[in-house]
Amino acid sequence: MTIKTLTLTAVIATGVSAAYADEVRVYNWSDYIDEELLSKFEEETGLTLVYDVFDSNEVLETKMLAGGSGYDVVVPTGTFLQRQIQAGAFQKLDAEKLSNAGNLWDVIQDRTAGYDPDNAYSINYMWGTTGLGVNVGKVREILGDDVQLNSMDLVLKPENMEKLAACGVHFLDAPTEIFPMVLQYLGEDPDSHDTDVIGKTEEVLAAVRPHIQKFHSSEYINALANGDICVAVGWSGDILQARDRAAEADNGVEIEYHPFAEGSLMWFDQMAIPVDAPNPEGAHKFLNFILDANNMAAASNYVYYANGNKASQEFLEEDVIGDPAIYPDDATMENLYITTPYPAKTQRVVTRLWTKIKSGT
Amino acid sequence: MRRAILIAVPYVWLLALFLVPFFIVLKISLSDIALAIPPYTPTLDLSQGWAGVRDFFGQLDFENFVWLTEDDLYWKAYLSSVKIALISTVLTLMVGYPIAYGMARAPEEWRPTLMMLVILPFWTSFLIRVYAWMGILSNEGYLNQFLLWTGLISTPLTILNTQTAVYIGIVYTYLPFMILPIYAALERLDGSLIEAAEDLGCSRLQAFWLVTVPLSRPGIIAGCFLVMIPVIGEFVIPSLLGGSGTLMIGKVLWEEFFSNRDWPVASAVAVVLLLILVVPIVLFQRNQQKQTEAGQ
Numbered sequence: 053m054t055i056k057t058l059t060l061t062a063v064i065a066t067g068v069s070a071a072y073a074d075e076v077r078v079y080n081w082s083d084y085i086d087e088e089l090l091s092k093f094e095e096e097t098g099l100t101l102v103y104d105v106f107d108s109n110e111v112l113e114t115k116m117l118a119g120g121s122g123y124d125v126v127v128p129t130g131t132f133l134q135r136q137i138q139a140g141a142f143q144k145l146d147a148e149k150l151s152n153a154g155n156l157w158d159v160i161q162d163r164t165a166g167y168d169p170d171n172a173y174s175i176n177y178m179w180g181t182t183g184l185g186v187n188v189g190k191v192r193e194i195l196g197d198d199v200q201l202n203s204m205d206l207v208l209k210p211e212n213m214e215k216l217a218a219c220g221v222h223f224l225d226a227p228t229e230i231f232p233m234v235l236q237y238l239g240e241d242p243d244s245h246d247t248d249v250i251g252k253t254e255e256v257l258a259a260v261r262p263h264i265q266k267f268h269s270s271e272y273i274n275a276l277a278n279g280d281i282c283v284a285v286g287w288s289g290d291i292l293q294a295r296d297r298a299a300e301a302d303n304g305v306e307i308e309y310h311p312f313a314e315g316s317l318m319w320f321d322q323m324a325i326p327v328d329a330p331n332p333e334g335a336h337k338f339l340n341f342i343l344d345a346n347n348m349a350a351a352s353n354y355v356y357y358a359n360g361n362k363a364s365q366e367f368l369e370e371d372v373i374g375d376p377a378i379y380p381d382d383a384t385m386e387n388l389y390i391t392t393p394y395p396a397k398t399q400r401v402v403t404r405l406w407t408k409i410k411s412g413t
Numbered sequence: 026m027r028r029a030i031l032i033a034v035p036y037v038w039l040l041a042l043f044l045v046p047f048f049i050v051l052k053i054s055l056s057d058i059a060l061a062i063p064p065y066t067p068t069l070d071l072s073q074g075w076a077g078v079r080d081f082f083g084q085l086d087f088e089n090f091v092w093l094t095e096d097d098l099y100w101k102a103y104l105s106s107v108k109i110a111l112i113s114t115v116l117t118l119m120v121g122y123p124i125a126y127g128m129a130r131a132p133e134e135w136r137p138t139l140m141m142l143v144i145l146p147f148w149t150s151f152l153i154r155v156y157a158w159m160g161i162l163s164n165e166g167y168l169n170q171f172l173l174w175t176g177l178i179s180t181p182l183t184i185l186n187t188q189t190a191v192y193i194g195i196v197y198t199y200l201p202f203m204i205l206p207i208y209a210a211l212e213r214l215d216g217s218l219i220e221a222a223e224d225l226g227c228s229r230l231q232a233f234w235l236v237t238v239p240l241s242r243p244g245i246i247a248g249c250f251l252v253m254i255p256v257i258g259e260f261v262i263p264s265l266l267g268g269s270g271t272l273m274i275g276k277v278l279w280e281e282f283f284s285n286r287d288w289p290v291a292s293a294v295a296v297v298l299l300l301i302l303v304v305p306i307v308l309f310q311r312n313q314q315k316q317t318e319a320g321q
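Residue numbers (our numbering), protein chains in the order written: chain V, 53 to 413; chain A, 26 to 321.
It should be emphasised that the hints constitute simulated quantities derived from the structure, not laboratory data.
A virtual CB, placed ideally from N, CA and C, is assigned to each residue, including glycine.
One should not assume that every hint holds.
Simulated pairs of lysine-lysine, DSS-like, Cα-Cα distance not exceeding 30 Å [as the list claims (entries may be wrong)]: (1) V/LYS362 <-> V/LYS397; (2) V/LYS362 <-> V/LYS149; (3) A/LYS52 <-> A/LYS101; (4) V/LYS408 <-> A/LYS101; (5) V/LYS149 <-> V/LYS408; (6) V/LYS190 <-> V/LYS362; (7) V/LYS144 <-> V/LYS92; (8) V/LYS337 <-> V/LYS362; (9) A/LYS315 <-> A/LYS101; (10) V/LYS408 <-> V/LYS144; (11) A/LYS315 <-> V/LYS397; (12) V/LYS362 <-> V/LYS144; (13) V/LYS115 <-> A/LYS315; (14) V/LYS149 <-> V/LYS115; (15) V/LYS92 <-> V/LYS408; (16) A/LYS52 <-> V/LYS408; (17) V/LYS92 <-> V/LYS397; (18) V/LYS337 <-> V/LYS149; (19) V/LYS149 <-> V/LYS209; (20) A/LYS108 <-> V/LYS408; (21) A/LYS315 <-> V/LYS252; (22) V/LYS337 <-> V/LYS215; (23) A/LYS52 <-> V/LYS115; (24) V/LYS397 <-> A/LYS52.
Just a sample of chain V residues kept apart from chain A, beta carbon distances all over 12 Å, derived [claimed, not checked]: (25) GLU94; (26) GLU110; (27) ALA218; (28) GLY251; (29) VAL256; (30) ILE264; (31) GLU271; (32) ALA275; (33) LYS408.
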């Protein structure tokens, strides 16, 4: 009896460790990959892939800081990555295990090095901009045919918002995206950490707040595509996905994405390996798989985000690489800005201001 | 001996699943924020023995609780949560009581089926049911399409992302918790009491108010508590169905925890929330006990 129990325990124990050895757990943004790639990875490596999704950096960061998340690969945005590296949440990448690293694009590498010095902890997965998703037909119907669809005026001028409110306007629920945008609108430094300067955004946002139906960071994809709302301040690829879903549904909804003429925020989503990843070996395999030019191109062709992989560009479809909303031309590129993480005290002020704007308290 | 073990079971349960987690949260609420894993300091270091423990306790303080009194956000959020919970409890009671009453008065052979129908929604994930409501209530959703089709309205009603949607979601989700205890109380009700009341000159309505309602009071109270307590801390329903203006303590807690990464303040908010919930329950139970004693 005892021996039986012992063997049973041993079997279960080896079973558990074996499960870790041939399992890779990836935690990525929602709607952010071509799912065929997931089964392709499993076929090529024989590893089981557990793929979970999130829709806010804050959720990911809390899991990282709590430790023991059980994930092998996670995808924080640059600013968040930087802070999590400081907290000791990630392990350095083993360059020898990433044979495809030569595919990375130096233009993007230079910029991400600002968050992750020498790119020692992360590789770029996708990058994009924050701008306007517009239901062209409805907005023209409401504001007239000559309305400028790429201007912040559309969502920050109360007279425009008043008219748009009835058909619905969503903003990202991300103060780290919206405050820099409004600062840019006001002609201030979008990356300002001065709480007095950030405070100037309150007046602008408070004036349009009654006309914003919701602050949310993923619902706008479906809402735009279904025609439930007509303007969203959101992430480039998400809005382009909404555009495609609407086109597929053939529901008469036409969506366009525009980076702000006043200048848009440029952000980078980086793949990194948590310091306590159960299967760092498998994690490196996954990163190397993603670094493959063909795979990365397949992902970009599917989600409509630009990637940091130079070699993948020849495999990109024309409506991706040729679309200035995804791969901005040089003039737009000049106009893009990046931000850096807020220190804890500033963050508290920012969150408080954000709550005040959202709930009026 | 056997008795001691039997008594020990609930206490061990209470200790392991309530008191220990509570003290962990309380401990974090007395700490300070830090950029580390875990993101607060101090953490207990047992390797230094007694000095480490003393050092650890020396660093704890009530700073975070003081902070909660300095910003009006917190008490406003508590108040708003209690208000939403009270209104939804009353709404749930108004919808739930007639259903429970109908079930208890239905022919005996129907009752198991009716009971089943009340419980059936639990077989589907709660999250999916809330998402279904999003599909029903949205501007282009089923409800608006139906109302437009009937010609009752000419432009779609904005229900999703408003307070109304939150109430609909809460009442829908918590309805079984109201129905079941009331049903249990009504089912036990002795029908001859109502006959007696009517014999003594009560109208049916009077008999209902003077006999049925008071006798089902334990069920009503149990149902109200089962609904109100979780609603005060509700997070999922307001964040999915409500607009961004719905201020609830669950949301504030989320923001402290996730946006500010301030686990200590988040824990302080949670401790205060617990106190807000525990105090009325204790007072209520005392009152009940007194009444039972007086009755005897």
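We went through each hint and held it up to the structure:
| no. | hint | in the structure |
| --- | --- | --- |
| 1 | V/LYS362 <-> V/LYS397 | violated, 39 Å |
| 2 | V/LYS362 <-> V/LYS149 | holds, 19 Å |
| 3 | A/LYS52 <-> A/LYS101 | holds, 25 Å |
| 4 | V/LYS408 <-> A/LYS101 | holds, 12 Å |
| 5 | V/LYS149 <-> V/LYS408 | violated, 48 Å |
| 6 | V/LYS190 <-> V/LYS362 | violated, 38 Å |
| 7 | V/LYS144 <-> V/LYS92 | holds, 26 Å |
| 8 | V/LYS337 <-> V/LYS362 | holds, 20 Å |
| 9 | A/LYS315 <-> A/LYS101 | violated, 34 Å |
| 10 | V/LYS408 <-> V/LYS144 | violated, 39 Å |
| 11 | A/LYS315 <-> V/LYS397 | violated, 50 Å |
| 12 | V/LYS362 <-> V/LYS144 | holds, 23 Å |
| 13 | V/LYS115 <-> A/LYS315 | violated, 47 Å |
| 14 | V/LYS149 <-> V/LYS115 | holds, 26 Å |
| 15 | V/LYS92 <-> V/LYS408 | violated, 46 Å |
| 16 | A/LYS52 <-> V/LYS408 | holds, 29 Å |
| 17 | V/LYS92 <-> V/LYS397 | violated, 45 Å |
| 18 | V/LYS337 <-> V/LYS149 | holds, 7 Å |
| 19 | V/LYS149 <-> V/LYS209 | violated, 51 Å |
| 20 | A/LYS108 <-> V/LYS408 | holds, 19 Å |
| 21 | A/LYS315 <-> V/LYS252 | violated, 58 Å |
| 22 | V/LYS337 <-> V/LYS215 | violated, 51 Å |
| 23 | A/LYS52 <-> V/LYS115 | holds, 20 Å |
| 24 | V/LYS397 <-> A/LYS52 | holds, 22 Å |
| 25 | GLU94 | holds, 26 Å |
| 26 | GLU110 | violated, 4 Å |
| 27 | ALA218 | violated, 8 Å |
| 28 | GLY251 | holds, 16 Å |
| 29 | VAL256 | holds, 17 Å |
| 30 | ILE264 | violated, 7 Å |
| 31 | GLU271 | violated, 8 Å |
| 32 | ALA275 | violated, 8 Å |
| 33 | LYS408 | violated, 8 Å |
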